[in-house]
Each structure stands twice: as structure tokens, then as C-alpha cells.
Amino acid sequence: MHIVVCIKQVPDSSQIRVHPVTNTIMRQGVPAVVNPYDLFSLEEALRLKDRVGGRVTVLCMGPPQAEMALRKAISFGADHAILVTDRAFAGSDTLATSFALASAVRQIGRDMAVDLVFCGKQTIDGDTAQVGPGIAKRLDLQLLTYVSQIDAVDPERREIVVRRRAEGGVQVLKTRLPCLITMLEGSNELRFATQAGIFRAARYPVQRWDSKAAGIEDPSRVGLKGSPTVVRKVFAPTPNTQRADLISCESGTPEDLAATLLAKLTTRNPELAALLGRAGMQETGR
Amino acid sequence: MQERFDVIVVGAGPAGNAAAYTLASAGMSVLQIERGETPGSKNVQGAILYADALERIIPTFRDDAPLERYLIEQRFWMLTDDAYIGSNYRSAAFNRPPYNRYTIVRAQFDRWFSGKVQQAGGLVICETTVRELIFDGERVVGVHTDREGGAIYADLVILADGVNSTLARKAGFHAELQPKDVALAVKETLFLAPEVIEQRFGLQGEEGVAIEMTGAITHGMVGTGFLYTNRDTLTIGIGCLLSNFVQQKIPPYELLERMKAHPAIQPLLAGAELKEYVAHLIPEGGYNAVPRLYGHGWMIAGDSAGLVNSVHREGSNLAMTSGRLAAETAIALREADRPFTAENLSRYRRRLDDSFVMKDLKKYRRLPATLHENPQFFTTYPGMMNAAMHEFITVDGTDKKSKEKAIRRSLGERRGWFGLVGDAFKLWRAFE
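As you go down the protein sequences, you meet chains A and B in turn. Here this note's numbering is used: the first residue of the first sequence is 1, the next is one more, and so on. Here this note's numbering is used: the first residue of the second sequence is 1, the next is one more, and so on.
Keep in mind the hints are simulated off the structure, nothing from the lab. Built from N, CA and C at the ideal position, the CB exists for glycine as well. Any given hint could be a false lead.
Unchecked claim - Only part of the chain B face toward chain A is listed, based on derived beta-carbon distances under 8 Å:
(1) T38
(2) I125
(3) T128
(4) R147
(5) E148
(6) G150
Said to hold, decoys possible - Sample of chain B residues with no beta-carbon within 12 Å of chain A, all distances over it, derived:
(7) S25
(8) E37
(9) G40
(10) D82
(11) F94
(12) P98
(13) E257
(14) M358
(15) G383
(16) K400
(17) R415
(18) L420
(19) A430
Isolated chain B, as found in the complex (with noise of 0.2 Å):
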């Protein structure tokens, strides 16, 4: 018997589940398919839940998602070796629902949207991976998976099979992924009693912290650290551009070792025991490097599409508003009665281009080159910043006139006066 649905979806990570659970929602014969044992098995994130992208799909997430600890206080530091100057911003604003942003744990919070989409009808498969796609000339009609009889066939297939898209790739869709469009982030759960948690932050309850890092832990290289609270782990994680790490020969794993070493980052996590061990790739190509996002019975979103605003550290936001404007774009051609060929998917691009998912690219478009070109931003900056500080707070019977003088003076050492303000420039552009 010929399996049939009216869309197929690939992939059971946050664009893959929303744009199914849109789908069935609208009650569209929807199947999704999965490669891990369950949804979320594979997934990985840092992880932050925007609760807006979230909202829009599912108001009432949070009555039963698994959620870990809404943010109150964001920390941002730039660390030396042995220092860092940071900014924090803690907001009793952020201790009224609802709340803006959660830590989620994956694993959990993935197999719960994965309940929605069955809630709402849409069938789920999984430990089933999709080989390739089918054509009928140049329109895709289906879906070949690793099993025997594998062939499944549907009016449209949703992409939506992660960072390493190789469906897309394989289809000629986008090109391979190049090192410096690609970041590889490695992440570790440690356990850590909720009450040591919240003295060690100054928490109540659910009330949870989040800290970026950047600066000498990542050695150079383009990329940034974090630290986040769950309910009963901690999740610390690093990522740097891939081509860095083929360049600099550092392992990933020394990487992150040697940060949670780090004198301002070990006492936090003093006591607290290893659950696991996860890496995982990011796409940080940003606006540039975002393929064609449709075609002839396709679309694709999330990951696979690129979108990640990796200045924010903002991506499963823009993969579940992705999603749902695919399946929002299908259900609109479906109610007109009007097959889904490129053109008319092409509403997709134009949805994407008006919500904040292309503007935010855009507006950091010269962003990655910029970096990549500039490796100054995460080495003499940082140590720039901690040394002016340390000069300026440190009593030592120099007059204040003196200090400012000697700050000002080993600035323009350091970069030299015009590799300020050409800095400067460069980062205004890329800001813009």
C-alpha cells in the first residue's frame, strides 16, 4: 500500500515541529519523520527558549512544557586569561509572567512539542532517516527513507533536517557547508542541587541567569562562551567557526576544559558532576550564506536554512518562526486551492523578508566577515578593557589624571590609534 499525506516534514527539532503541529493544526494530513529514537534524542541547544516564537504557535505552552527557569539577569563578560569586566542586568521586570525567556533541556522540551504535533493529528515516525527526496521533473513528490518500502509520497516535503542538511545538499538546494560559514559548539550538563544553584546566583525559585562569554576562552578564535541555569544543571558550553578550529589545532572538548578552569567561571561550578557531554554544529553563515529556501513541492526552514542569528545567540526562534510560516504558507495555497509550485511558494521568501527572522540577518549581513577578517575583537579587546580597569580601580598613590593618561596611552599601544578607530568603523558597519 502507497503511503500518502498531503505534507511530509523532516526532522523533529523546533521547525520541524512547528510547522507540523501548524500543519495538523489546520488539519492537513501531516507526516513527520524522525531519524532519532525520539524527538529530541538528537537535538541540541544551548538552551534558551524564546517564549514569543513559541507563543505564536502554541499560546498555551506554558501550562504543561517542560520548562527549566525564566531569565531574570543576563551577564555579558569578556574575559582575559585571568580576569574579566562584564555588564549584568538583572530586572524585577523579568519576575512577572509571563516570562520572556526560559532554559529548556532538549531532550524534554522537544519530546513535549512532539506530543503536540500528535495531539493535533499529525503522525510521527521515527529512528527513520529520509535518504533522499523524490522528483517528478524538477518537483519533489516524496520522500525516500533507510527502511524497506520506503517510498512516501505527499503534495509538498518541509525541510527541516538540521544544520547538516544533507537532503538539501544531496538535491542540489545548497551548496556544502563551508568551515568558516559553520560554528562547532561542544556543551556540558553538570549536575548541581537546585538550592546550591540558587545561593551560587542569587535565585528564588524558578528564577534563572544566563552569561555570555567572549574573550581569551575562546584563544583567538571567532566565537563565544555561555553559562546557563537549569532547574538542577548548569549547562556550559563553547563555540568557535570551524575553520578556527582547523586553523589553531585546539580540540574542542581542551577548549571548553580549559574555560571551565577559568578563576572567574570555576568557582561556579565548584561541586557540580558531569551528565553529559554533547557538540553540535551552527550554522553562521548569516544572511549571506542563506540558500534558496524553496521550490517546485519544497521549502525549508530552521537550521537546514541557515537561520541563526548568531549574534543574539538567537536560532531555534528564528527555526520555529520559520516553520510556522512554511506550514502558514501551505495551508494559505491549500484553502485557495492552489498547487504548490515555486511561485506560489514563493510567499515563504516574502513572509520570512517582512518578520523579524530576515530583518535581524540582514541587519548583521557584513557581521561574519567582518569577524573573521578581525580577530582583534576577541584577543586585544578584551585585554584591553580588563587592564584599563584594573589600572583604573587599583589605589596605589597615582593620582587619577596619571591613571587616565596611562590608560590612554596603552590603548593606543596596544591597537595604535588608527586601528581604533578603523575598529570602530568596522564595527559600526557591521551594527548598522
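The shape of chain A in the complex, shown without the other chains (with noise of 0.2 Å):
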């Protein structure tokens, strides 16, 4: 059985910061790790090839920096690893991404065919979950998407069957290879890579590919121009500077409380102390 794993490389979002004059994502010194999700989708592709034998291959588009994407995979397990990057796909949206991909997996299935795409539920720096399937309609392939479990697979009679997250409740589907799956996050635990896989990804020579080699005839189908979607503009949300004030006085008692409370909000609000003042006044009679 022949398995495709795609991952991407991305900036690890938990230490990106925006920058508080221009507003702008700040990328620098920023590390770079393999998108979350796709983790989950390579754990599962490796333990089929330890059910069933065969072969995995992961598939990364990106900058040169991105091997380092592709050789942890390979620590971990997978049998080869091939980086499809060119300056043409620069400013690629998911269109043009799942094109050059769906490009990309052709390709390798002309060594030995691929019967299993594996991609991540989503990225965490773009999030738009397009891509996966994506390439699953450019390949006319059968798509599993949240799937959160492999029951069986059967590469004889070319059947798989899953349980997929739906709303409300949990779908069993068998369907027919080859088909894409994308794993939903916390559907398995990655293992941890043994001393001779950490050697073997060191040593590992990543095959890269520019767009010809990835099967790419026409450029204008990747990269800025093949890519309808337009970011006009990021910004970043107006941060809600909420502050908690503990509100105690001498007494301690509830009317005080109240009293300092009250005098708290009116001293903020003067519009609200405005209006108090007509209504207590009304009240009290003073």
C-alpha cells in the first residue's frame, strides 16, 4: 500500500506576536514546526503501514526551510520525503496550492501507485481547510474529512472503513480506495521517533522538486496568478483592556459596598452618574 502524506510548514502560532505599531504579523524569529493537524495524519498513515505493510511518502510545498518539516516526518518513520518548492508558487492560495499538489501526488504515483492521501484537518496559520479536499476533487478521490478512527482497511478488496465526527453523532463509512483522509486533531498520539529514525532523518537527502518536476505544465495555474483570492488587508483586533478593580472598603458591610460600588461606576460613567442622580433624587425626595 502506498500512503501520501501531506504536511506544511508552518510559523508556530502560540509565539507569533503582532507588532504593536504597525499592526503587522511579526514572522521573525519566529520557529517553525510542522502544522499540528497534519501530525495526526502521519501518526495514522504510519500505523496502516505498520497494519499493512507498504510505503509512506509525505508530500510538503514550501521554501527550501521546509525540509526540516519533511525530515521530522522522516525520524518518525515515513519512507521518503519530497519537497516541491519554486519561487512560481509564491503567494499560492488554497486553489492553486491543492493544484500544484494534486500535481505533486500524480507524479509519485507513477512510481508505484498511490491508494491513500492523508492530509491535515486544517492548517493553524491560514485555517481555511481547503486544501484536502481540494486535491481529493482534482484526483477524483474518494474524501473522508474529521475522520477520528481507521476500522479497517483492506487493500486486497481496495475498501476502507472509518468513523467520522458528523453533527450529532458519529458516522461509520466504508468507501473504496484511493481516497483522501484527514485525521481530526486528537484522533491518535504521534510516537516518538527512535535513535535510528533521528539518524535517518539527519542523513536523509530530501528530494525537491521544482513545478516541472511536480508535473506542473501551465505556471499561470500556480502562484500569484493562479490564485483568485486576494488578501486586501490583515489587521489585528483592538485588544479589550479590561481591568478588574477589587472593590473593598472599612466596614465591610453590604450597604458600604454598595455605596463604594456605585461611586466606582459614577466616577467612570458620568453620563450614568447623570442619570442616577434625577432617579435617586426622584427617589429619596432629596
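Two chains, two frames, a set of hints: combine them into the complex.
If you want it as C-alpha cells, here you go:
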């Protein structure tokens, strides 16, 4: 069985900050990681290989330094790693990206037919969840998203049975191979690479494909040209500066506390004070 | 398959990188093992890079190393609660390349350095922790990592695993770190626009400033603070002896917060936004705390060997130099076809003794004990000097002779003439 796992290198979003003055995302110095959702798919692919044998090829599209992400996948036990990297890909949206990746998967299949493609549920930097389905559509693969468990796979009969998280329940679905699966987060736990795996990763010559090697004939289908989506503006929402104040007063009686609270509120909000002032006067008749 | 190398270097900090790069460049097979996700991800320093030590390893480092600013000015401040007295040294001579000192961001710098190790042919593996050394009798023959099948063998192991060298302790090469021999330093990196930094500190282009501080900010503890300018960040930090923290019960972050609120420091930080907060241990035991540095099949370098000159705030240059000397010792032995026995590796200690590393540490060997037993250097003296200065420059109709008399009297009252003479002698002995 030949399984292809698509992974992406993303900035570690837990360490991203927005520049306080220019309001732009500061990527400089932010460590790059494998998109966390992809790791559930990688682990599931490796488990399938452990069960039925075969080959796991990891595929990544990105700049040359994305090689690190592929090396990591090799350390866990993937057999092959291919980096699709070309300046022509810069600025690709999900349409162009899924086009390029689908083309690369097709190229990978020339060597050994692909039975299963895994993608992460979504990426943590784009959050679109569109690339996986985009690849499935282009390669005419059955599509199973939000898979929480693979119950059975039969390479002979070319069938797979999975559990899929759906609104209000779990679906048990059977479909034919080849298909594309996106795994739900938390569906498995990533293994700890062995020492041999770490050495293999450190020495592994990652294959680099430019757009031609990835089988892309028409350069207008990728990069900015092939991307109808344009990001008009990126901005950080205005931070909510709410502060908690501990209200206390000497006596501690409910009446005094209420009076202190009221005083705080009215000094913060003069309009409220004016309103309350009128109401208060009417009530007490002062 | 059993993995075997000429040398295993444990740790990818300045000492480990210097050793691994030097060994790999000489054609030896080197494996470097780092526990962090990437080289530098766990490494912490002020951080100032002293060019000389690196230049002796990679002469062309200025071409592509990620350097922040070169220092053209050094300030030294003694603070009281609301004042400071200090000295500045700024020279146009520092403005001529090759520059002598740079501020750096270690996460970026260490990654660059590790890249050089790999280019030189060293194999670097990360996210792997060396659990213990493998012994054959007294001889170290390899390491056990935390991974399945993690026994890796080598003719020589260089320990550069940092201040808390658990490996060396486990192997019995040195004793548990004493709280009086180690400082706990905390540091914040704060974003500030480059133009603002340049305007605020009187800098142009890549110029930078380093401010070292002592006095009231340490609340009587033995320690110092610092403020450095990077390209678009400031780093501010403070470190005091761990034993003092234990006595004083001041949380380190609070010490830093108070320092940041000092009236002399606060304006320099105005408008800066927190990027990161880190803490680190610094070996401060000096010459007398340096452990055994070599044995059968092993050497130890950098912080793990306690090689820090706390007086001059130097550490990474001692680390790089010790890493380089360890590597050169190994290369010379290999070329002479001699084994890595303790006797042969003793050349490493001799080379360190002949270098500035041990000479400087030896010069200040009495200082840790002196400072530890005499907290007045951090409390009374900054106060005295600031008060004297205050008196001296305040124009209030008092004649100058009376003012001088008042200053002298106040000095005598605060410390006593015997104390003053005694302290002067102690300091002279410690710095002699």
C-alpha cells in the first residue's frame, strides 16, 4: 500500500505576535513547526503501514527551509520525503496550492500507485481546511474528512472503513480506495522517534521538485497568477483592555460596599452618574 | 546497526559548537547531540558576543552571522533607590571595523553557528537528550540517549551540556552545584522600534550600547543588572547569587520588575513591548569551583566546567575558547596517533591554563568569597557615592570646603574608617 501524507511547515502560532505599532504579524524569529493537525495524519499513516505494510511518502510544498518539516516526518518513520519548492509558487492560495499538490501526488503515483492520501484537518496559519478537499476533487478521490478512527482497511478488496465525526454523532463509513482522509485532532498520539529514525532523518537526502518536476505544465495555474483569492488587509483586533478592580471598604457591610461600587461606577461613567443622580433624587425626595 | 563516531559533543551552545566545528573542520567524524528543538532554542545569554573568541574559530563570521549591534559605548552605573552615579565610555575608535563586541540574539546566532558545524561535516541531531555516559571500566566510550536504541559510541565525548551539567554530575566528574556558586539571572526582551532605540541612546545605524548596573537594584544581594540594545529590541536583566535569593525570598521576576521601575531605567524602556521572559543559571564559583576538566575518553568545556568570568560578565567567549582548545587537543592527539587517555588529554588543561580563560579566573579567585561575605559593596557603597555626589553638585550657599568636610564625615559615619580601609584592602586583594 502506498500512502502519501501532505504536510505543511507553519510558524508556531503560539509564539506569533502582532507588532504593536504597524499591526502586522511578526514572523521574524518565530520558530517553524510542522502544522500540528498534520501530525495526526502522519501518525495514522504510519500505523496503517505498521498494520498492512507498504510505503509512506511525505509531501510538502514550501520554501527550501520547509525541508526541516520533512526531515521530522522521516524521523518518525516515513520512507520518502519530497519537497515541492519553486519561486513560481509564491503567493499561492488554496486553489493554486491544491492544484500543485494534486499534480505532485500524481507524479508520486507514477513510481508506485497511491492508495491513500492523508492531509491535516486544516492548517493553523490559514485555517481554511480547503486544500485537502481540493486535492481529492482534482484527483477524483473519495473524500473522508474529520476522521477519528480507521476501523479496517483491506488492500485486496480496496476498501476502507472509518469513523467520521459528524454533527450530532459519529458516522461509520465504508468507501473504496484510493481516497483522501483528513484526521481529527486528538485521534491518536504521535510516536517518539527512535534513535535510528533520528539518524536516518539527519542523513536523509530530501528530494526537491520544482514546478516542472511536480508535473505542472501551466505556470499560470500556480502562484499569484493562479490564485483568485487576494488578501486585502490583515489586522489585529483591538485588544480589549478590561481591568478587574477589587472593591473593598473599611466596614465591609453590604450597604457600604454597594455605595463604594456605585461611587466607582459613577466616576467612571459621568452619564450614568447624571441619570442615576436624577433617579436617586426622585426616589429619596432629596 | 551500531553508530560510531570519532567524537560525540553533547550540547549545541557556544562551547559545543566551537568544539564540533573545529573537529569537523579537521576532518574528524563528529556527532553533536542537542536536547532542544533546534540549536539555540534552549540557550540563554545577555547576550554580548566577544568577537575575538569566535574570530579564532571562524575568521569570516562577520560575513553572515546574525549580529544585532556593535557596541560603541559602555556605561557602568551604581544605583540607589532613586539615583545613580556612573561612568560612560564611548569611543569613535569602536566605530571602526573590525568591531570588537556585538549584541546578539542567541536563538538566531546559535542556529547560524550550528549551520556552520553542519557545513563543516558535523552531524547534528536535536530533540535528543543524553541520559548518561557509557563506560568501559574508567574509560568513557559513548553515550545513552533518551531514545529507543540510543546507545552511540565514540572514542571521545566532549561534555558541553551547560551550567547544570547533569551528565558530569551523574558520572561523578563534579559535585552538585552549590547555591553560592551559581547565579540566577532573569531577562526580558522588549520590542522597541529601531529609530526609537537609536534616538534614545544616541546611536546611528548598527551602533549599540551596553549598560552594566549594580547597587540597590539587587536589594543587598550579590549581583548585577544589565541593559543592552539589539536591533529592534532591548534586553534587560538582573542576576544574583542563588543562595541570596533563598535568604532574601524575593521572587526573581519581582526583582526585575522593581529594577524596570527605577527612575533612571524606566524612561529608557518607555513604549517597549514584552517579547519574551527567560531565566537561566550562571556558574559564578570562579577558579576555585572549576571541576576536573578531563579524564579517560572525556573532556568538559564551557558553562558545564564553570568557566565564567563574573567580574567582566564574560562567559560565551570562555566557552568558545575552551571548546576550541578541547577540539584542538583531540585533533593533535589523533594526528599523532595517540589514544584519548586522561594523561594525553591533560594537555587540554595546560592549554586552558596558558590561555586568558584560566589566567582571568585565577586573577579573581578570591572575589566570589569576598563579595559573598561583604554585602556592603552592593548596599553601602552605591549609597555613599550617590550621596556624596548629590552633596557635591547641589548649590545651596554652603562653601565648598564645608561640603567636602560633610562628605567625609558622612563616609565615616556610614561605614566607619576602619571599615573603609578594610574594604579597600579586601577589594585590592580580590582584584590583585
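*Does the no-contact call for L420(B) survive, Cβ to all of chain A over 12 Å?*
48 Å, holds
*Was K400(B) rightly flagged as not at the interface, with every chain A Cβ beyond 12 Å?*
50 Å, holds
_Per-residue hint verdict: E148(B), partner chain A, C-beta under 8 Å_ = 4 Å, holds
*asked:* For the restraint on T128(B), tell me whether the closest CB of chain A is nearer than 8 Å.
replied: This hint holds: T128(B) lies near chain A, its Cβ roughly 6 Å from the closest one there, short of 8 Å.
*Evaluate the condition: distance from the CB of F94(B) to the nearest CB of chain A exceeds 12 Å.*
27 Å, holds
*Classify the label on G40(B) as holds or violated, using whether its beta-carbon is more than 12 Å from each beta-carbon of chain A.*
Label violated. Min Cβ-Cβ 10 Å, cutoff 12 Å.
*May I ask you to check that M358(B) keeps its beta-carbon over 12 Å from the closest beta-carbon of chain A?*
Holds: least Cβ distance 35 Å, greater than 12 Å.
*Does I125(B) pass the interface hint, meaning its C-beta sits closer than 8 Å to a C-beta of chain A?*
5 Å, holds
*Interface-negative label, G383(B) against chain A, beta-carbon threshold 12 Å*: Correct as stated: the minimum Cβ-Cβ distance to chain A is 36 Å, above 12 Å.
*Nearest-CB test (12 Å) between chain A and E257(B)*: Fine: 18 Å to the nearest Cβ keeps E257(B) off the interface.
*Would A430(B) pass as off the interface with chain A, using Cβ distances and a cut of 12 Å?*
40 Å, holds
*asked:* Checking a non-interface call: every C-beta of chain A should be farther than 12 Å from the C-beta of S25(B). Is that right?
replied: Given that every Cβ of chain A is farther than 12 Å from that of S25(B), nearest at about 19 Å, it holds.
Of the numbered hints stated above, those contradicted by the structure are hints 8 and 9, listed in ascending order.
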